[in-house]
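With the sequences and hints as input, model every part of the structure.
Residues in the sequence shown are numbered consecutively from 12, following the numbering used here.
It is possible that some hints are incorrect.
FRET-style restraints, in silico, Cβ to Cβ [as the list claims (entries may be wrong)]:
1) 67 <-> 22: 31 to 39 Å
2) 14 <-> 67: 32 to 40 Å
3) 128 <-> 26: 16 to 24 Å
4) 13 <-> 104: 27 to 35 Å
5) 66 <-> 132: 12 to 20 Å
6) 25 <-> 128: 13 to 21 Å
7) 15 <-> 73: 27 to 35 Å
8) 70 <-> 130: 30 to 38 Å
9) 14 <-> 66: 33 to 41 Å
10) 36 <-> 77: 31 to 39 Å
Read the hints as simulated data drawn from the structure, not as lab findings.
For clarity, every value in this text was computed on a predicted model and none was experimentally measured.
Positions of the beta carbon are idealized from the N, C-alpha and C atoms, including for glycine.
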Amino acid sequence: MTSAELEALLGLLGRARHIVIGTAADPASRAGGERIAEAWGGVVLATVTWPEVAASWLRQARRFAAPEPDAWVVSATPAGWAGMTRRLLRSTSWSPHRTVLTSASAGCPLPGLRGVRADGTTWET
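Below is the structure:
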C-alpha cells in the first residue's frame with residue numbers, strides 16, 4: 012500500500028468514528044490491514060481475516076458484519092474478496108455503500124463500493 016493510497020483511503024472514511032477492517036490471509040493484505048489500523052484515528056471494532064478459498068466464508072462474514080461499524084475497510088485480493096462479497100450479500104446486513112477497498116481489490120463492480128488506487132485517486136461504482 013502506497014502512502015498516497017493510505018491518505019486517500021483515510022479521506023474516503025470521512026467522519027466515520029469506528030470501522031471494521033477485513034483482510035485476505037496473504038501477507039500483503041494483512042500488512043495493508045495493519046497499516047490502516049495504525050493510521051486510523053478512530054476505533055477499530057474488529058479485524059477479520061479470511062482465506063482465498065473457503066467452503067462458505069460464513070463465519071468470517073458474520074464476524075465482519077456483526078459490529079455494525081460506520082464503515083468497513085477491505086485489504087484483500089480479488090479472489091478472496093469475491094467469495095466474501097457473495098457470502099456477505101447472502102447472509103448478513105453488510106452494506107457496500109459503507110465499504111472502502113484498497114487498490115488490491117479496485118474495480119469490484121458491486122454498486123455502492125468505493126475504493127482507492129495506488130496513485131491515490133479514488134473510484135466508485
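Results for each hint:
no. : hint                   : result
1   : 67 <-> 22: 31 to 39 Å  : holds (34 Å)
2   : 14 <-> 67: 32 to 40 Å  : holds (36 Å)
3   : 128 <-> 26: 16 to 24 Å : holds (23 Å)
4   : 13 <-> 104: 27 to 35 Å : holds (32 Å)
5   : 66 <-> 132: 12 to 20 Å : violated (37 Å)
6   : 25 <-> 128: 13 to 21 Å : holds (18 Å)
7   : 15 <-> 73: 27 to 35 Å  : holds (34 Å)
8   : 70 <-> 130: 30 to 38 Å : holds (35 Å)
9   : 14 <-> 66: 33 to 41 Å  : holds (38 Å)
10  : 36 <-> 77: 31 to 39 Å  : violated (20 Å)
Taken one by one, the earlier hints fail for this structure at numbers 5, 10, listed in ascending order.
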